[in-house]
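Work out the full structure, taking the sequences as your base and the hints as a guide.
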Amino acid sequence: MRPRRFLPTGPLKGRIRVPGDKSISHRSIMLGALAVGETKVTGLLEGEDVLSTAAAMRAMGATVTRTGEGAWTVNGVGVGALLQPEAPLDMGNSGTSTRLLMGLVASHPITATFIGDGSLSKRPMGRVIDPLSEMGASFEASEGGRLPLILKGASPAVPIRYRLPMASAQVKSAILLAGLNTPGITTVIEPVPTRDHSERMLRGFGADLTVETDADGARVISIRGEAELEPQTIEVPGDPSSAAFFIVAALVIPGSEVLIENVGLNPTRAGIVEVLRQMGGSIEEVNPREVGGEPVADLLVRHSALKGIDVDPAIVPAMVDEFPVLFVAAALAEGVTTTTGLEELRVKESDRISVMATALAAAGATVRETEDGLIITGTGGEPLVGTNGTIATHLDHRIAMSMAVAGLASRAGVEVDDVRPIATSFPVFETMLEGLTA
1 MRPRRFLPTG PLKGRIRVPG DKSISHRSIM LGALAVGETK VTGLLEGEDV LSTAAAMRAM
61 GATVTRTGEG AWTVNGVGVG ALLQPEAPLD MGNSGTSTRL LMGLVASHPI TATFIGDGSL
121 SKRPMGRVID PLSEMGASFE ASEGGRLPLI LKGASPAVPI RYRLPMASAQ VKSAILLAGL
181 NTPGITTVIE PVPTRDHSER MLRGFGADLT VETDADGARV ISIRGEAELE PQTIEVPGDP
241 SSAAFFIVAA LVIPGSEVLI ENVGLNPTRA GIVEVLRQMG GSIEEVNPRE VGGEPVADLL
301 VRHSALKGID VDPAIVPAMV DEFPVLFVAA ALAEGVTTTT GLEELRVKES DRISVMATAL
361 AAAGATVRET EDGLIITGTG GEPLVGTNGT IATHLDHRIA MSMAVAGLAS RAGVEVDDVR
421 PIATSFPVFE TMLEGLTA
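Residue numbers (full-length UniProt numbering): 1 to 438.
Hints were generated in silico from the structure; no laboratory data involved.
Do not rely on the hints blindly, as some may be mistaken.
[Stated by the list, open to error] Within a straight-line C-alpha distance of at most 16 Å, the following computed EDC-like cross-link-like pairs (lysine to aspartate or glutamate) qualify:
no.	residue 1	residue 2
1	LYS122	GLU143
2	LYS13	GLU434
3	LYS152	GLU134
[Unchecked claim] Estimated spans, in silico, between C-beta atoms of each pair:
no.	residue 1	residue 2	range
4	GLY10	GLU226	57 to 65 Å
5	GLU343	SER155	31 to 39 Å
6	GLU285	GLY435	16 to 24 Å
7	GLU369	GLY37	45 to 53 Å
8	ARG66	GLU86	17 to 25 Å
9	GLY37	GLU285	30 to 38 Å
10	GLU69	ARG302	50 to 58 Å
11	THR366	ARG420	40 to 48 Å
12	LEU300	ARG5	44 to 52 Å
13	THR213	GLU369	46 to 54 Å
14	GLU226	ILE189	21 to 29 Å
In this text, a Cβ means the ideal position worked out from N, Cα and C, and glycines have one as well.
Right under this line is the structure:
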């Protein structure tokens, strides 16, 4: 354990560039490994989760090499040519790596064992096991469909038409990746839109993928199997989930003005910016542009008097990972903020509804937990009191970073029990924070 107390430091000033988008980083390595030839990636997030994906693709035959800071090359083996891994694939703390790689393996004639840390081993994999089983893959999973599990791929796999029972980009992506090596057309019906990085990148690599809208407004995504992918040159934009911590910190700490460069603003991901603007946050888009098919801009964020709102549950898929830090913003706003439709947060790295309710209350916030969200009465801009004891982060990187922001906006500071999990998604978070408060 590496505890740390985050103390108030005054206004945040300066410019930063957050690490590359985690979702796009994972997918660039996976699809590069399935293309024949050399894919070049710059701006890759070098957190532990993405490194787990890189190690797994190496274990299945791809050559994945770091050539400089954020710069990597991937020499792929081709769709259908993944090799049998000799040892279990250790996914560390990464749910994305696990679920997407299960999809990749499911339509290849190989058997792979997936293992992970204590936190990942509590997370449900049944939502991916069900559709992949329909495609012909077989599983030996731990109780409750959890890790460790053994996956035996099907060859040939069977194309399916699958309607997602919950909004999940990971489940959608797992099925589409399995469809790459499945004869015929595999279709996913998505009633609620989720992040669309997989669709954008699969098309970019040359897959035959279509997206249509049916009579009920659902997205119908189809991919033609036995694809031949072409290597690409990819520039990964900054991760909006990482930027969110600095956006909220600049909004709630008086006197702050921060420019966050190169932030990905894919509309299926940027819900946090929309909600904070609804609360009165000053977030200005500077130099908007498109990078590798993804919308990007620099964000100029200034301290603002935030107001509580009722957050529309329809926006949840576009900001599901940003709710812990939104709760911190709500705790410092004027009035009441109500969030609903957040059941998915209970099966993340931790139960993020319950853990954040406990953590914010310990720091002096007024919080009421409901079945599917939190109701938070803000301080009206007054600092939180801070904590006497230590906040339990439950090995969850987003809890640790969110409560670090709460500490900066408190009187006595906030102590978290362990900052080590931050390295899974944002290894330079603490350094970057210190740079803005120097």
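Do the hints match the structure? See the list:
{"no.": "1", "hint": "LYS122 / GLU143", "verdict": "10 Å, holds"}
{"no.": "2", "hint": "LYS13 / GLU434", "verdict": "11 Å, holds"}
{"no.": "3", "hint": "LYS152 / GLU134", "verdict": "13 Å, holds"}
{"no.": "4", "hint": "GLY10 / GLU226: 57 to 65 Å", "verdict": "59 Å, holds"}
{"no.": "5", "hint": "GLU343 / SER155: 31 to 39 Å", "verdict": "36 Å, holds"}
{"no.": "6", "hint": "GLU285 / GLY435: 16 to 24 Å", "verdict": "23 Å, holds"}
{"no.": "7", "hint": "GLU369 / GLY37: 45 to 53 Å", "verdict": "51 Å, holds"}
{"no.": "8", "hint": "ARG66 / GLU86: 17 to 25 Å", "verdict": "22 Å, holds"}
{"no.": "9", "hint": "GLY37 / GLU285: 30 to 38 Å", "verdict": "36 Å, holds"}
{"no.": "10", "hint": "GLU69 / ARG302: 50 to 58 Å", "verdict": "30 Å, violated"}
{"no.": "11", "hint": "THR366 / ARG420: 40 to 48 Å", "verdict": "30 Å, violated"}
{"no.": "12", "hint": "LEU300 / ARG5: 44 to 52 Å", "verdict": "30 Å, violated"}
{"no.": "13", "hint": "THR213 / GLU369: 46 to 54 Å", "verdict": "36 Å, violated"}
{"no.": "14", "hint": "GLU226 / ILE189: 21 to 29 Å", "verdict": "22 Å, holds"}
Consistency with the previously given hints fails for numbers 10, 11, 12, 13, ordered from lowest to highest.
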